[in-house]
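Participant: Sequence:
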Amino acid sequence: MIEFFRTKDRLRFLLLVGAIAVPILLVAAWVVSSMEESAAAQGEPNDKGGLHYRIQEKSGAKALPAALAALISVPPNTLMTDVNADTDGAGRLTSASIKAFSTDDFKTVSAFHKPAFAPVTSETADSLEGKRDGYDIRISRETKFFDNDPYKDRTKIEYYVNRVAN
16 MIEFFRTKDR
26 LRFLLLVGAI
36 AVPILLVAAW
46 VVSSMEESAA
56 AQGEPNDKGG
66 LHYRIQEKSG
76 AKALPAALAA
86 LISVPPNTLM
96 TDVNADTDGA
106 GRLTSASIKA
116 FSTDDFKTVS
126 AFHKPAFAPV
136 TSETADSLEG
146 KRDGYDIRIS
156 RETKFFDNDP
166 YKDRTKIEYY
176 VNRVAN
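Counting in the numbering used here, the sequence shown tops out at residue 181, every number present.
Please keep in mind that the hints were generated in silico from the structure rather than gathered at the bench.
Ideal placement from N, C-alpha and C gives every residue a C-beta, glycine not left out.
There may be inaccurate statements among the hints.
Computed Cβ-Cβ distance ranges for the label pairs, DEER-style [what the hints assert, rightly or not]:
id, residue 1, residue 2, range
1, Arg69, Lys23, 47 to 53 Å
2, Lys122, Val32, 24 to 30 Å
3, Lys122, Ser48, 36 to 42 Å
4, Ala43, Asn99, 47 to 53 Å
5, Pro60, Gly33, 36 to 42 Å
Calculated cross-link-like contacts (lysine-lysine; reagent style DSBU-like; alpha-carbon spacing at most 35 Å) [stated by the list, open to error]:
id, residue 1, residue 2
6, Lys146, Lys159
7, Lys159, Lys23
8, Lys63, Lys114
9, Lys129, Lys23
10, Lys73, Lys122
11, Lys146, Lys122
12, Lys114, Lys167
13, Lys171, Lys129
14, Lys129, Lys114
15, Lys73, Lys23
16, Lys63, Lys159
17, Lys23, Lys146
18, Lys114, Lys159
19, Lys63, Lys77
20, Lys73, Lys171
21, Lys77, Lys129
22, Lys146, Lys129
23, Lys23, Lys114
24, Lys171, Lys63
25, Lys146, Lys171
26, Lys23, Lys63
27, Lys122, Lys171
28, Lys77, Lys23
Required output: the full structure, derived from the provided sequences and hints.
Facilitator: Here it is as structure tokens:
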């Protein structure tokens, strides 16, 4: 195989093919990646007859799914980098988990969310739990950081939302 590229003409041909193919492959990979991210943000069908949303964005989710946005607001100085939510056939949220990073401390983030809960069911220095519109919402400060966490110098916050069983 290496004997084939001993002549300069064949080597130039290989370099020319590479110079044309590499940009085409890079653009194709970028287009496919963008399409996958867009589809995940718009929701994909799930087994409950609704949609599954998975948004992973290091710079923070641009917008939360409508069913989730009705329950949780994004606090100032906070980036929601990993949103995982499911809805049922009627478009109601069934469950959600969110990883967020804030430049504020947990006390500030907790104070932002506290007025929206009716009632607050549990409050500690590292967590806030409450009910809102038929959902149990738990917000907690996490101390474990993983290699894939984008911001290790910020307060890591996790949100869990579950519909209250009737």
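Participant: Tell me, which hint numbers fail for this structure?
Facilitator: The structure conflicts with hints 2, 4, 7, 9, 15, 17, 23, 26 and 28, although it agrees with all the remaining ones.
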